[in-house]
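J.: Each protein sequence line maps, in turn, to chains A, B and C. Residues in the first sequence are numbered consecutively from 1, following the numbering used here. Residues in the second sequence are numbered consecutively from 1, following the numbering used here. Residues in the third sequence are numbered consecutively from 1, following the numbering used here.
No lab work stands behind these hints, which were simulated from the structure alone. No residue lacks a Cβ here, since even glycine has one placed at the ideal position from N, Cα and C. Careful, some of the hints might be misleading.
[Stated by the list, open to error] Within a straight-line C-alpha distance of at most 27 Å, the following computed DSS-like cross-link-like pairs (lysine-lysine) qualify: (1) A:K24 - B:K78; (2) A:K7 - B:K137; (3) A:K78 - B:K58; (4) B:K7 - A:K5; (5) B:K80 - A:K137; (6) B:K58 - A:K58; (7) A:K58 - B:K80; (8) B:K150 - C:K235; (9) A:K69 - B:K81; (10) B:K159 - C:K114; (11) B:K5 - A:K78; (12) B:K151 - A:K7; (13) A:K137 - B:K78; (14) A:K150 - B:K5; (15) C:K80 - B:K137; (16) A:K78 - B:K24; (17) C:K235 - B:K151; (18) A:K69 - B:K137; (19) A:K7 - B:K7; (20) A:K24 - A:K45; (21) A:K45 - B:K151; (22) C:K115 - B:K159.
[To be verified] Covered by chain C, per the in silico footprint, the following chain A stretches (three or more residues, Cβ under 8 Å): (23) 16-27; (24) 120-128.
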Amino acid sequence: MNWSKAKAVLEAVIFASSEPVTVKELSIILALNYETVERLLAELKEEYLDQQRGIQIKEVAGGFQFVTKPEYADYLEKLKKVPRPSPLSQAALETLAIIAYRQPITRAEIETIRGVRVDSSLATLLERGLIEEAGRKDGPGRPILYGTTKKFLKYFGLKSLDELPIVDDWVLNQQLPIDLTAD
Amino acid sequence: MNWSKAKAVLEAVIFASSEPVTVKELSIILALNYETVERLLAELKEEYLDQQRGIQIKEVAGGFQFVTKPEYADYLEKLKKVPRPSPLSQAALETLAIIAYRQPITRAEIETIRGVRVDSSLATLLERGLIEEAGRKDGPGRPILYGTTKKFLKYFGLKSLDELPIVDDWVLNQQLPIDLTAD
Amino acid sequence: MRKIKRRTDKQTSYQVKLAVFTGPLDLLLHLIERAEIDIYNIPIVEITDQFLAYLQTMEFFDLHVAADFLLMAATLMQIKARMLLPRPVVETDAETVEEDDPRLELVERLLEYKKVKEVASRLQEWETEARRFFPRTGGYFPDQETAATAETAGQVTLWDLVQAFSALLESLLPRLELEGIPEEEYSIQGLMEKIMNGLARESRVSFRTLFSGLTSRKAVVASFLALLELIRMRKVLVQQEMTFGEIVIARWEG
Chain A
1 MNWSKAKAVL
11 EAVIFASSEP
21 VTVKELSIIL
31 ALNYETVERL
41 LAELKEEYLD
51 QQRGIQIKEV
61 AGGFQFVTKP
71 EYADYLEKLK
81 KVPRPSPLSQ
91 AALETLAIIA
101 YRQPITRAEI
111 ETIRGVRVDS
121 SLATLLERGL
131 IEEAGRKDGP
141 GRPILYGTTK
151 KFLKYFGLKS
161 LDELPIVDDW
171 VLNQQLPIDL
181 TAD
Chain B
1 MNWSKAKAVL
11 EAVIFASSEP
21 VTVKELSIIL
31 ALNYETVERL
41 LAELKEEYLD
51 QQRGIQIKEV
61 AGGFQFVTKP
71 EYADYLEKLK
81 KVPRPSPLSQ
91 AALETLAIIA
101 YRQPITRAEI
111 ETIRGVRVDS
121 SLATLLERGL
131 IEEAGRKDGP
141 GRPILYGTTK
151 KFLKYFGLKS
161 LDELPIVDDW
171 VLNQQLPIDL
181 TAD
Chain C
1 MRKIKRRTDK
11 QTSYQVKLAV
21 FTGPLDLLLH
31 LIERAEIDIY
41 NIPIVEITDQ
51 FLAYLQTMEF
61 FDLHVAADFL
71 LMAATLMQIK
81 ARMLLPRPVV
91 ETDAETVEED
101 DPRLELVERL
111 LEYKKVKEVA
121 SRLQEWETEA
131 RRFFPRTGGY
141 FPDQETAATA
151 ETAGQVTLWD
161 LVQAFSALLE
171 SLLPRLELEG
181 IPEEEYSIQG
191 LMEKIMNGLA
201 RESRVSFRTL
211 FSGLTSRKAV
221 VASFLALLEL
231 IRMRKVLVQQ
241 EMTFGEIVIA
251 RWEG
């Protein structure tokens, strides 16, 4: 892989990732050593800074991600005001409710409760930063566990998770007794 | 605002938006007319295509958004931090095909065409935001009508419904010629 | 009439990966295409036998045979019976289906379904193609904060609803536990219709009333899911007169 292709891959990966990407992850994906990845990253960062561009790469929380340049904040403010349909769907809300009460929880467990596949709800919630990965479950496949974020609390105006309404245990602990999957 | 700053703002706005941004929205945000926005967009698109970059601007569902270049898909599949719903099942695709062409359409009508119950497919498609309720049909029971969403276009990389292929005597948005409402 | 190649070897059943068909029409189309026969001139006897053989194989493997397949089997047998009845001799092209041919309706359905499969396979190609373009899923951008307000279902949040449901269960549970009423099957769709029918008679129904006649856990959970579904579809509105007051369900107007 040549130098500019490696930079392009780097750019694509940082762009598409839901969370900041670490040098280690980049090194695995590109099959390049840390030093090379760091040099590529430095160059890419430089390019975004030098050229008059709207975005830049920033190091946060031990990883790299794209952010908009602060000088264009006013325009992004305007983007906020352009009305666009973006409330959470009821499906996403239901998934969120289950995660909130039963965290940490795996995708498969959520699907058992909701009776439908929840990949899409999870993607939306991850994208909106309302949930995050919260480790992995012991056992076969070591599936990802999900939990809610600080932003989740903010979104619902809660001070802490303790403020969630108390729900009779079995409502959310219950395996779904009816089969919703029959086609 | 000079030309390259305008391009930078354009880049920042398209990048920051979680939904495809329309020319109209960009024109409001930048306070520039449609023609200018379109010329800026064309230049920006060109730049991303020419240079060996990992991302590009794509027109989808009536707006513009950044996506990765398809040639780097293999690297992105390796990244765990890219949340992605699984591909649709054959059954869901068939149901979606019928809804796309015959919308608005009721569940019973879809079932007559497919010859099976479609509750589960409908639940999946609703959950994934690819279809939505589109009113109710006049007549006994006033059954729910379904139609495709903007996300449907996004999901399949279509600019608009007109891009659907012409199928024999299937005409877009055509009402069913026969009454298939028998449940 | 062309003769269908008979495949009696057991292996065929395995090759036709069991339960891969999306429905009876899918299976029928497969049988017709495998036998390379004209869709307008289906040898109904053979096809019916093969269809039934497939259902038997499924049963043999303890796979659930869906009602839709059984319905189609019945339809095929009905057509077969009608085909075997003596009919008035009419001079026609043997390759085309006559007006009163009992197969006509089936042929039309199959042709229509073939188009569905065509479009579905096109959609699948596009899906595969589109999946190579990855959109942005993270990063810090101010517009993501736009949604920082609680969304409500009508005027009541989902949390209120879950809480109400939980309180309701607490009061219902002792009764539900005691009564050994045989479990029934509940369809969410059916319960949704029931709720809507109730709302057609009365414009507003209290949350408690809605669940009062239910006699099992299954019924309560299914009804709650049906209610959530109706809220999601914006068919009903959930309101609360005052904090901690009775929750009321109303028809979504407009």
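J.: Does each hint hold? Answer for all of them.
T.: Hints, verified against the model:
1. A:K24 - B:K78: 13 Å, holds
2. A:K7 - B:K137: 54 Å, violated
3. A:K78 - B:K58: 22 Å, holds
4. B:K7 - A:K5: 24 Å, holds
5. B:K80 - A:K137: 16 Å, holds
6. B:K58 - A:K58: 24 Å, holds
7. A:K58 - B:K80: Between A:K58 and B:K80 the Cα gap is close to 20 Å, so the pair holds against 27 Å.
8. B:K150 - C:K235: 21 Å, holds
9. A:K69 - B:K81: Since the Cα atoms of A:K69 and B:K81 sit roughly 24 Å apart, the hinted pair holds (cutoff 27 Å).
10. B:K159 - C:K114: 26 Å, holds
11. B:K5 - A:K78: At roughly 16 Å apart (the allowed maximum being 27 Å), A:K78 and B:K5 satisfy the hint.
12. B:K151 - A:K7: Violated, because 31 Å separates the two Cα atoms, which is more than 27 Å.
13. A:K137 - B:K78: Distance of about 21 Å is within 27 Å: holds.
14. A:K150 - B:K5: 35 Å, violated
15. C:K80 - B:K137: 36 Å, violated
16. A:K78 - B:K24: 13 Å, holds
17. C:K235 - B:K151: 22 Å, holds
18. A:K69 - B:K137: This hinted pair is violated, its Cα atoms lying about 50 Å apart.
19. A:K7 - B:K7: 22 Å, holds
20. A:K24 - A:K45: With Cα atoms ~17 Å apart, A:K24 and A:K45 stay inside 27 Å; holds.
21. A:K45 - B:K151: 32 Å, violated
22. C:K115 - B:K159: Holds, at about 23 Å.
23. 16-27: holds (count 5)
24. 120-128: holds (count 4)
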